[in-house]
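Please model the entire structure based on the sequences and the hints provided.
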Amino acid sequence: MSSTNKTSAEKMSFAERLKGMSDTNLLLTITIVIFFLMYIGAIVFLGGGFLKPQAFFNILNANAALIILSCGLSLVMITGGIDISVGGTTALISMCCAVYLDFHGGNVPVAILIALLIGLAFGLVQGFLVAYLDIQPFIVTLAGMFFARGMTTIVNTNPFNVENEAFVALKDTRITVPGLGSVNKLGKYVPAYVGVGVIVALLVVIVMFCVLRWTKLGRQFYAVGGNKQSALMLGINVKRTKFLAHLICGLLTGIGGFVYFLYVGSGSPSHASGAEMNAIASSIIGGTMLTGGVGNIVGTFFGVLSLSTIQNIVSSAGLDEAWWTGITIAAMLCLFLVIQSLVMSFKKKA
Amino acid sequence: MQTTGKKKLGVSGLLGKLVRQQMFIPLAALLLLALFNLIVDPGFFQVSLGYNNAGNPVLSGYLITILDYGSELAILAIGMTLVTAASGGQDISVGAAIAISGSVILRVLCGRDSRPETLQAPIIVAFLVACVVAMLFGAFNGALVAYFRIQPMVATLILYTAGRSIAAWINNNELPIISEPSFAYFGGYIPGIPVPTPFFLALICMIIIAIVLRMTNLRLYTQAVGINESSSRLNGLNPELIKVLSFVILGLCVAVAGLIKVSRLSTINYSVVAKDIEMDAILAVALGGNPLGGGKFNMTASIIGAYVIQFLTTTLYKLNVQSDALPAYKAVVVIVLVVLSAPTVKDYFAGLGKKLKSQSMSKEVG
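As you go down the protein sequences, you meet chains F and E in turn.
The first sequence begins at 0 in numbering that gives the first Met the number 0 and counts up by one.
The second sequence begins at 0 in numbering that gives the first Met the number 0 and counts up by one.
Some hints here could point you the wrong way.
Said to hold, decoys possible - So the derived label-pair ranges between C-beta atoms look like this:
no.: 1; chain 1: F; residue 1: P158; chain 2: E; residue 2: S357; range: 54 to 62 Å
no.: 2; chain 1: E; residue 1: V131; chain 2: F; residue 2: L25; range: 38 to 46 Å
no.: 3; chain 1: E; residue 1: I210; chain 2: F; residue 2: M37; range: 47 to 55 Å
no.: 4; chain 1: E; residue 1: G42; chain 2: F; residue 2: Q228; range: 51 to 59 Å
no.: 5; chain 1: F; residue 1: V206; chain 2: E; residue 2: G60; range: 57 to 65 Å
no.: 6; chain 1: F; residue 1: F102; chain 2: E; residue 2: L48; range: 42 to 50 Å
no.: 7; chain 1: E; residue 1: I176; chain 2: F; residue 2: L112; range: 46 to 54 Å
These aren't lab readings, by the way, just hints derived from the structure by calculation.
Yeah, the Cβ is synthetic: ideal placement off N, Cα and C, and Gly gets one too.
Right, dumping it as structure tokens:
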């Protein structure tokens, strides 16, 4: 202790600044490095399957909804809160849209509107309870999750596939990626493709990144999560900012819910089970701190990719039993939580 | 909080005092539910003595169901109250932990064979092994919370995600079935006693915790840590140890609940057993009027809360609500409860009450 006291004040502040600056970026770097290491490891050890561009785009296709959900969740976590209702809400949205499209002969634009409204309603109520009534976000969103799951069953009990033509056409729309593709077994060149959901997800990532990085509102989210007291002294309306975070998360859940529905094309009470855990895990792996104030949307994006790559590795390594997925996700979550905790305590000591 | 400076006795004063009692919320909820059932169908309260398949006398009726299934919830509520008080958060992995401890019990009882003719180990040994395993998982949760300073609900998210997978892995995803009839006593009836055994198990747990709370400083220390961690450290307590201890005690409660759960079916369904029970356990603590942010706690209120929750569940079942739709109704109850107990809302009502009082006072004067 005495040796650190002896160092000059200037040096101390420089070291502190360095550590303070690298907080978000350090975690982001760890995430990206781990993702690339994992992907390269998968290519080396598990063979050529992962080498095809389409393998990568399939991960994107399957996880477009998760990317959007995780973006919303990261935002809430940056303000120091949490939202575990996103999975339940996604299931509710798919079920409502499915029932509307199939049983009531609806059209796609209105279905999108329904999805957004359900998401916004959840964000509105939960945001109000958390921000203005000062109730613990976990309790509120836990209730939200159970409410959404229960409502899904009340809306319709049995799973079914949607056969609405306009919807199926949209679901099967493939956008080819120029310049990438592979030759299949018959010697035919097959271009790589992504679904509509991936485009939406990428747009969400870009917009959210810009908002958080360059707008006044975006900086307010970080300020509120970092230190509520000093944010208040800076003249930031803390309650409104928290409320907005939940509202935006609700909106993104609406978008993500519809993208999920677009990918599965059916309604079922068991849809998106555990999606909230995956979204939280992705955000944490992406370097978002649970304590708030630290996080990056690009990190979240890579967090989702890391998580799904791990799942792909687990299933293609022959450990196909369902329990391995749960255990690996939990182990990864545990690892990253501990790393974060250590980084935090290290920073405090410095 | 309590401004009972003026000794003013009157009907409104007495009522206010009653409302401020912590026991008021669970007992009022119980009364409301009972009244509701009495109006809808008085048959709800019928208890009849019958004989089960084995020819033993058993009591049956909705009230007995509440006593039966409410008991496992009451056992969990004991541990959850301590965790809530010490750490200011809740353990959401109890359902998954029950799956693990139940799976351990079956694994020890069955040995290598999944359908054994005879038990491979005494039930008490299996139970003790499950206790140790559940306490270890509790210690794991507690260590993440206490030493790594992760929010309790997020730390327990890890076990929540992995728990059921671990439970399936312990038994190689097989479904062992115990044919030994004495194993079914714990979740059913002991021959000759018409009251369900879980009630007695809950009673034993309650007596033990009552003795512990009376004889040791556990209550004082837990509350001190929950109210202000740093000042409790300055007073010579070890807050980390107490937090871990509360999670370990919850682990013990989980093992007992796991025994009841697997004994009911003599087998286990990894993805369904004790599903959503964490919600009920947290709800029991909240209904008991314990602050969910930690600090003071009232064990009796939590236990009554647990039985009230089961009362609500049974009532909903009786109204033909699907089991999958139950969470939606309970979620509404939770939201109403937390909104009513939110400080902002309390202050608002207190302000409203003062306004009314001053108005009536001015009327009297006028």
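Hint by hint, here is what the structure shows:
1. F:P158 to E:S357: 54 to 62 Å: Holds: the Cβ-Cβ distance is about 59 Å, inside 54 to 62 Å.
2. E:V131 to F:L25: 38 to 46 Å: With a Cβ separation near 39 Å, V131 (chain E) and L25 (chain F) satisfy 38 to 46 Å, so the hint holds.
3. E:I210 to F:M37: 47 to 55 Å: Since I210 (chain E) and M37 (chain F) have Cβ atoms about 52 Å apart, the given range 47 to 55 Å holds.
4. E:G42 to F:Q228: 51 to 59 Å: holds (58 Å)
5. F:V206 to E:G60: 57 to 65 Å: holds (59 Å)
6. F:F102 to E:L48: 42 to 50 Å: The hint (42 to 50 Å, Cβ to Cβ) holds, given that F102 (chain F) and L48 (chain E) are roughly 48 Å apart.
7. E:I176 to F:L112: 46 to 54 Å: The hinted range 46 to 54 Å holds for I176 (chain E) and L112 (chain F), with Cβ atoms some 51 Å apart.
Going through the hint list in order, the structure satisfies each hint without exception.
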